[in-house]
Structure formats: structure tokens, C-alpha cells
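*Asks:* Read off the chains here:
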Amino acid sequence: MIAAAAALAAALGGCGVPESTTRSVDEVARQFMAAVERGDGGLACSLLTPEAAGSVGSGDQTCVEAFGDLDLPRGGSVRRTEVWSDEAQVQTGVDTLFVTNLSSGWRVAAAGCTARPPRPYDCEVQG
Amino acid sequence: MRRWLRDNGLSVFFGTIFLLALLGQAAAGLADYNNHQLAAGGDPVSFGRYVTSSGFAVDVAENWQSEYLQFLLMVSATVWLVQRGSTESKPPEDIGRESRKRQQIGRYAAADSPRWAKVGGWRTALYSRSLGLVMGTIFLGSWLAQSVAGRAAYNAEQLSELSDPISWLGYVTSADFWNRTLQNWQSEFLAVASMVLLTIYLRQRGSPESKPVGAPHHSTGVEG
Numbered sequence: 022m023i024a025a026a027a028a029l030a031a032a033l034g035g036c037g038v039p040e041s042t043t044r045s046v047d048e049v050a051r052q053f054m055a056a057v058e059r060g061d062g063g064l065a066c067s068l069l070t071p072e073a074a075g076s077v078g079s080g081d082q083t084c085v086e087a088f089g090d091l092d093l094p095r096g097g098s099v100r101r102t103e104v105w106s107d108e109a110q111v112q113t114g115v116d117t118l119f120v121t122n123l124s125s126g127w128r129v130a131a132a133g134c135t136a137r138p139p140r141p142y143d144c145e146v147q148g
Numbered sequence: 017m018r019r020w021l022r023d024n025g026l027s028v029f030f031g032t033i034f035l036l037a038l039l040g041q042a043a044a045g046l047a048d049y050n051n052h053q054l055a056a057g058g059d060p061v062s063f064g065r066y067v068t069s070s071g072f073a074v075d076v077a078e079n080w081q082s083e084y085l086q087f088l089l090m091v092s093a094t095v096w097l098v099q100r101g102s103t104e105s106k107p108p109e110d111i112g113r114e115s116r117k118r119q120q121i122g123r124y125a126a127a128d129s130p131r132w133a134k135v136g137g138w139r140t141a142l143y144s145r146s147l148g149l150v151m152g153t154i155f156l157g158s159w160l161a162q163s164v165a166g167r168a169a170y171n172a173e174q175l176s177e178l179s180d181p182i183s184w185l186g187y188v189t190s191a192d193f194w195n196r197t198l199q200n201w202q203s204e205f206l207a208v209a210s211m212v213l214l215t216i217y218l219r220q221r222g223s224p225e226s227k228p229v230g231a232p233h234h235s236t237g238v239e240g
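Protein sequence lines, in the order shown, are assigned to chains A and B.
Take the position in the first sequence, starting the count at 1, then add 21; the result is the number in this note's numbering.
Take the position in the second sequence, starting the count at 1, then add 16; the result is the number in this note's numbering.
Honestly, I wouldn't trust all of these hints.
To be verified - Estimated spans, in silico, between C-beta atoms of each pair:
hint, chain 1, residue 1, chain 2, residue 2, range
1, A, Gly37, B, Phe205, 30 to 40 Å
2, A, Ser79, B, Leu156, 52 to 62 Å
3, B, Ala191, A, Ser67, 30 to 40 Å
Unchecked claim - Residues from chain A shown here face chain B by an in silico Cβ test under 10 Å; the list is partial:
hint, residue
4, Gly97
5, Glu103
6, Val104
7, Trp105
8, Thr121
9, Ser124
10, Ala130
11, Pro138
12, Arg140
13, Tyr142
14, Gln147
15, Gly148
Claimed, not checked - Computed footprint of chain A on chain B; a stretch qualifies when at least three of its residues, placed anywhere within it, have a C-beta under 8 Å from a C-beta of chain A:
hint, segment
16, 51-59
17, 160-171
18, 174-187
Hint data in this document are derived by calculation from the structure and do not stem from the laboratory.
We put the beta carbon where it would ideally sit given N, CA and C, even for glycine.
The following block holds chain B by itself, in its conformation from the complex:
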């Protein structure tokens, strides 16, 4: 058990604080929602009612979609784009999808390589793109969830303000949808850009996200 925790500590840590933060968001969101309800002459709702509401769903989904878009772009862009000196980049001479030998594909695969890296054909082609495909799928799924739940929450607000509800197409071209989407995207892109640039000049001893403390600024794709 101890060894399992040691070997999986990173995922356990982030999984745990994710769940705690989600719980905290639900509690704070419930309090905020009920404040608005009382101010508008409505009745407060229960915790169970709130976490199954469109308001909570859209607040969760709009954050999830931007995180997975960030991962999708990072995974994809770093194949072809480089940043000299950054730990988030590979060296400029390695731009592109790299050779089969370098990527340990087919006959270059090791004995303990994943099976689909060895077999070739569509399986290897699919596996070679699986990280981006999954990130992209989760991004699109959660963005769709944001649009559906967002429309429901928006229309409830429209009706409370004596205005007409709108269609899904009307919502995904609305200021509310794009305001929610872009405010999340800008922070994700800023975060990536910050990591790409700050890791050139700054260090965090012992972290694989950093170069070794003594590594020169121009060294690229080196982990600490």
C-alpha cells in the first residue's frame, strides 16, 4: 500500500484536491445562488438540487473544456513549434513527428513497449495520436456540455427577467456563451505561455517541470 501510494502520489494528490475543490465550488455556488434567489423573491434550494442544476453544470463544464483544450493544444503544438530554452519544448532540431526509430515504433519497439506501438497499421497510427484524440474528445464533450447546460441556465435567467428563451444555436452565438468560453481560454493560454517562458530562466530544484538548477538558459527540453 505504501509503495502504491509512493508510485501514484501525484495522481492521488491532484485527484484529491480536485474533489475537494469541486465540493468547495458546490458549497460556495449554492450560497451564491441562494443569495440571488432571495434577492429575486424566489426560494432557496437544497445542496442536492443545486448540484443537479444547469447553473452548477455550466460552471463546471466551462472550466473543464478549457483545461482539455489547453492540453490538446499543448500536446499538438509542441510537435511542430519550439521554444528554445524552455522545458516545455523539444530542441529545434527535433521539430516534427520524429523518426520511427526515435519513437520506438514497429520493429524499433522494445520488448516492453505498448502492444499497439509494435503491431503497425491503423492500430499504431491511432495509438500514435491517442493522447491528442482523447484530450480533444473530452474538450469537445465538455464544451458541448457547457453549451447545453449554459443555454438552460441562461434561459431560466431570461424568463426570470421577463425575456424570451433562446434556441441552442442562438445560445452558442450569444455573448453569454462566448464570454464564458473566452474568459476561460485566455487564462489557460496565459498559463501555458507563462510555463513555456518562465522555465527558460527560473528553476525549481527536483521538479521534472524545471531544468536542473545549473542548466544553462539555452538548453531546451531538459528536465530537472
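Chain A with its partners taken away, still in its complex shape:
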């Protein structure tokens, strides 16, 4: 019983995420920031979750067409990444990205986020 309780604590969900997972999240964040920097709406939209991409496009405009109208922070680099289960947060110095793990891989769920504690972040792009 004691071993089972310890196994629960150590192995299930609480004690660290594989380094490879954090690297995957960081890579998606870097690609997204680079796409924003270049104004590459095609790449940026492909790195968003379907819901987030849908929120960018409105009316007759697709995500790629509407992406240029967004005022997302440019520059920055991955400063701090926290991964919990299938969700992650990446602090870039100029922005906070929320990233989620889908069957197709890690995708940006929200970007252009401003903290307003204790309420959730207010994000320019969010699903």
C-alpha cells in the first residue's frame, strides 16, 4: 500500500515532464514567433489550434488572410516553459503563449496574451 501511494505520487502526473516534451513545445513556440516576425500568416496559422485559427479569421476572411491585421508582439525568445499534461505556457519576454497537445502535435492555443490577475489572460488570439 505504501509503495502504491508512493508510486502514485512519483509516477503519475506530478514529478516532471520529459525533456523531449519541453523541447517540442519550445520548438513550436519558436516557429510561431518566427512566423509572426516574418509576417508569414500561412505558417503561423498552421501552428494554431483549429479553434484559435478560426478565431483569427472572421466573416469571409481565412486565418491566413486576416493574420496580417493582428498586432501580435514581435521579437522575444523562449525564456521559460511550463508543461502540465497536455497544456503548456511559454514566456518569451514580449509575449505569453499557451500551447496545447493535439493528435497532430503541439499547437498554439493563444497568443498576444496580457496578464490581468486574478482573471485569465486576455489574448489577441485564442480558441
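Based on the hints, put chain B in the right spot on chain A.
*Replies:* What follows is chain B alone, placed relative to chain A:
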């Protein structure tokens, strides 16, 4: 084999239904989790993925810790506290740790008494408290597991709702942790209180948890 099953039927029965209930919890929990995933725009997960998730771990651990706390308190409190008429209590005249003779310790131990009841010293002192110590250890271990897995599940939810994750210290002082903890504790304490009081007046013929059917209400610590 038949004799072994007869002699160990109680543990086999409860061990079996425990495993079945745990399996059922995993299946129902998976369905519930995947419903939430789809509603939030995420993808459903497999059974294997779910039973190794922090969400499943915290749901299991929060129940385990409260059960072992219940046992710890019951084992400890019944040394000093009594309930006249209850099968869960000893008679008021026996309040306390009782004599070495009554407890069959040291020179009062029988030939077939456990070895550590006879030897004296720290071994007997430790063995005399072993039930409470083990219950308490399992309680603390599973409560720790609840806090670790609970923080992981909470932080995943925080991020999905575009909020910051929190530290372990932040989590164990959070409403989520104490809501999970106290909702389990209240039901355990209610269960014990119910058993303590109901066994005064009600009977279950043949059960050691009950007094004999004809035993008076005021008789205390009598088994059926």
C-alpha cells in the same frame, strides 16, 4: 484451496470488489475526461493514457488518503474515547492503553503471541503502535500523492483556461486542494459516527460488527 478461500474470504471479497470498482472508476473517468476534452476542442485520450494521468491519480489518491485517515483516527481515538453501548467502543472502565497483562505483553505474552510482543524494549513499543503507524504512513503518503497529482491536474486546467500555473505550496493552500480533501473527510467521519451510534440500537445477526440480537443497548464492545 477451499479451506484457504473460507479462511480468507473477507479479504478476497473486498480485494476483488476494490479492483472492480477501481476499473469501473477508470472507465467512467475516461469517458468523463474525453467528454471534457471534446467540449474544450481537444482530442480524446486512450485508456492507458488516462490511467497514467494526473487527473486519474488525484481522483484515486484523494479517496485513499481519507480512508486511511479514518482508520488512523478510529484506531487512535478508541484508545481514549468511548461510546457506551456501541460495538465500535470498549467499555468506559477500560479507557487508556490498558495493562501489560491485559495486552499480553512481555512476560504475559502467550506461547503463540507475536515475537515482538514478547521481546520487550523498542521492538514491543513499536509493535504496540504498528497499526496506527502504518495507517498514518499510508494516509500521509496518499495525501502527498493527492497534492502532487492534484497540482498537476489543476495546473493543466489552469493553462487550458489561459491562467498561470501555481506552485506546490500554492496548491496545498488552494481551494481546489481543500475542497477535495474536506469533501472526502466529511463522509469518512460521518461513516464512523454512523457506525458508532447505529450499533447501539440496531443489530445484524451473525456479524462481528453488531452486538448479538438480544444484547441490551447499554452493553459496550460486545460482538455478535
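*Asks:* Each hint: holds or not?
*Replies:* Tested hints:
Against the hinted window of 30 to 40 Å, the Cβ-Cβ separation of A:Gly37 and B:Phe205 comes to about 35 Å, which satisfies the hint. For A:Ser79 paired with B:Leu156, a C-beta distance near 54 Å keeps the hint of 52 to 62 Å intact. Evaluation of the 30 to 40 Å hint for B:Ala191 and A:Ser67 yields a pass: the beta carbon distance comes to about 39 Å. The criterion of a C-beta within 10 Å of any C-beta in chain B is not met by A:Gly97, whose closest approach is roughly 18 Å, and the hint is violated.
Against a cut-off of 10 Å between C-beta atoms, the interface hint on A:Glu103 holds, since the closest Cβ of chain B lies about 5 Å away. Hint status for A:Val104 relative to chain B: holds, with the closest Cβ pair at about 9 Å, below 10 Å. The interface hint given for A:Trp105 holds, since its Cβ lies 4 Å from the closest Cβ of chain B, which is under the 10 Å cut-off. Using the Cβ-Cβ criterion of 10 Å, the hint placing A:Thr121 at the interface with chain B is satisfied: the shortest such distance is roughly 7 Å.
Nearest Cβ of chain B to the Cβ of A:Ser124: about 4 Å, under the 10 Å cut. The hint holds. Taking 10 Å as the C-beta contact cut-off toward chain B, the hint placing A:Ala130 at the interface holds, the least distance being around 8 Å. Among the interface hints, the one on A:Pro138 holds; its C-beta lies about 7 Å from the nearest C-beta in chain B, closer than the 10 Å criterion. Interface hint status for A:Arg140: upheld, as the beta-carbon distance to the closest one in chain B is roughly 8 Å, under 10 Å.
Interface hint status for A:Tyr142: upheld, as the beta-carbon distance to the closest one in chain B is roughly 5 Å, under 10 Å. Taking 10 Å as the C-beta contact cut-off toward chain B, the hint placing A:Gln147 at the interface holds, the least distance being around 7 Å. Because the closest C-beta pair between A:Gly148 and chain B is about 6 Å apart, less than 10 Å, the hint holds. With a cut-off of 8 Å between beta carbons, the segment 51-59 of chain B has 3 residues touching chain A; three or more are needed, and the interface restraint holds.
Remark: the segment 160-171 of chain B is confirmed as covered by chain A, as 8 of its residues place a Cβ nearer than 8 Å to a Cβ of that chain, reaching the required three. Given as covered by chain A, the segment 174-187 of chain B passes the check, having 8 residues with a CB less than 8 Å from a CB of that chain where 3 are the minimum.
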